[in-house]
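I would like the entire structure built from these sequences, with the hints used as guidance.
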Amino acid sequence: MLQQQQPLTGNGPSSGRGLGLSGHPGMHALNSVHQASQHRSDGGDSGLEGTENGHETRRDIGDILQQIMTITDQSLDEAQAKKHALNCHRMKPALFSVLCEIKEKTGLSMRNAQEDEPQDPQLVRLDNMLLAEGVAGPEKGGGAAAAVSAATSSGGMSPDSSLEHSDYKSKLSQIRSIYHTELEKYEQACTEFTTHVMNLLREQSRTRPVTPREIERMVGIIHRKFSTIQTQLKQSTCEAVMILRSRFLDARRKRRNFSKQATEGLNEYFYSHLSNPYPSEEAKEDLAKQCGITVSQVCNWFGNKRIRYKKNIGKFQEEANLYAMKTALVGQGDDSPHTPNSTGTERRGALRCATCLPPGRSRPHSFPSNGNWQGRNSPPNGASPHSDHSENSD
DNA sequence: AACGATGATTCCCT
DNA sequence: AGGGAATCATCGTT
Numbered sequence: 001m002l003q004q005q006q007p008l009t010g011n012g013p014s015s016g017r018g019l020g021l022s023g024h025p026g027m028h029a030l031n032s033v034h035q036a037s038q039h040r041s042d043g044g045d046s047g048l049e050g051t052e053n054g055h056e057t058r059r060d061i062g063d064i065l066q067q068i069m070t071i072t073d074q075s076l077d078e079a080q081a082k083k084h085a086l087n088c089h090r091m092k093p094a095l096f097s098v099l100c101e102i103k104e105k106t107g108l109s110m111r112n113a114q115e116d117e118p119q120d121p122q123l124v125r126l127d128n129m130l131l132a133e134g135v136a137g138p139e140k141g142g143g144a145a146a147a148v149s150a151a152t153s154s155g156g157m158s159p160d161s162s163l164e165h166s167d168y169k170s171k172l173s174q175i176r177s178i179y180h181t182e183l184e185k186y187e188q189a190c191t192e193f194t195t196h197v198m199n200l201l202r203e204q205s206r207t208r209p210v211t212p213r214e215i216e217r218m219v220g221i222i223h224r225k226f227s228t229i230q231t232q233l234k235q236s237t238c239e240a241v242m243i244l245r246s247r248f249l250d251a252r253r254k255r256r257n258f259s260k261q262a263t264e265g266l267n268e269y270f271y272s273h274l275s276n277p278y279p280s281e282e283a284k285e286d287l288a289k290q291c292g293i294t295v296s297q298v299c300n301w302f303g304n305k306r307i308r309y310k311k312n313i314g315k316f317q318e319e320a321n322l323y324a325m326k327t328a329l330v331g332q333g334d335d336s337p338h339t340p341n342s343t344g345t346e347r348r349g350a351l352r353c354a355t356c357l358p359p360g361r362s363r364p365h366s367f368p369s370n371g372n373w374q375g376r377n378s379p380p381n382g383a384s385p386h387s388d389h390s391e392n393s394d
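Take the first sequence: its position 260, counted from the start at 1, is 260 in our numbering, and no numbers get skipped.
Do not rely on the hints blindly, as some may be mistaken.
[Stated by the list, open to error] Using 27 Å as the maximum straight-line C-alpha spacing, the simulated BS3-like pairs for lysine-lysine come out as follows: (1) Lys260 x Lys310; (2) Lys82 x Lys92; (3) Lys315 x Lys305; (4) Lys185 x Lys225; (5) Lys326 x Lys305; (6) Lys225 x Lys260; (7) Lys311 x Lys326.
FYI, nobody ran anything at the bench for these hints, they're computed from the structure.
Quick look at the structure:
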């Protein structure tokens, strides 16, 4: 193949034209061929060397190369015209095949340069995280909801915090929308750029050999470049979600006092079950519903209340009396105003605790003797030992 | 700002 | 797992 091209590139040292090519990086390979053929021409045994025909051919080639080299210095119209002229040049097929030859040689070195690399583990991690946070993946899926529920699972959500909840969700969807807009932009830009480059290569393939593999490789390079940009986008999106999430969790710690009604409801239950202030699961749920708080908040409240009451009964005396009075007032007309819960005469607002104590056993408003209701680890409901049945009010 | 009240968290026990 | 106890962190009042 190369042998066939030898005469075509057989510029003698005297020709002068095309020698300026050696400085051009793109023409380096071509020039080496040119130099190789020079040796042969020095020998003077080439068929075309020294003949009129040979001189003409060399001039032709020199002309072509000169035109190629100066094509970038020309205006667009001029260049287009030149390009067209070159395409129609009678020597073009020969030059083209030389270029093919060179490409074949140089292409070998880059053949295995970049094979499809395994997927970046970092990218996989980012993708997974975005999917888990509900940023990537299907719209309005369980992702965001799951993330929120996971973030709030321990504390539960009060109506107050449900505001923060929706705030979190709206912020997350904001991030989501920005992420998708940017991603779309990048993808569009990538597609546009790829198309542009492919068109360029196709255009160039008229004057130089461009293999499909080369185009493929180029596309791969472009995609990799855009993929790194996408990774950056994913990374910053993840960071934004993390910041949002930490802020949200911090906000969860910001407690707010319960509403007056909620506290009243809880206190009513507490003081009307003072002998055994351990609401059953069912009672807790009812209390939670009634007070607009979560079951875990009810648990916290009772835990705190029991401890604090026990620690300082005197301090709570007044409060206990107050609620005793309230209960008594509501229970007016009833034959046993001091046994509101056990007989189902508990006041309207306070929780009826069907599962709390067996009928007739409960003695409300009673103090725990020596600061203990049942001692540690007593059964919460029903089987209350009732260490003390003394009334704290009358 | 100080202080008490209070909801939440954590650790430990049974 | 549920509760007691200690503690933290914030709220609301003074």
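Hint check:
{"no.": "1", "hint": "Lys260 x Lys310", "result": "22 Å, holds"}
{"no.": "2", "hint": "Lys82 x Lys92", "result": "13 Å, holds"}
{"no.": "3", "hint": "Lys315 x Lys305", "result": "12 Å, holds"}
{"no.": "4", "hint": "Lys185 x Lys225", "result": "15 Å, holds"}
{"no.": "5", "hint": "Lys326 x Lys305", "result": "19 Å, holds"}
{"no.": "6", "hint": "Lys225 x Lys260", "result": "60 Å, violated"}
{"no.": "7", "hint": "Lys311 x Lys326", "result": "24 Å, holds"}
Hint check: a violation occurs at hint 6 only; the rest are consistent with the structure.
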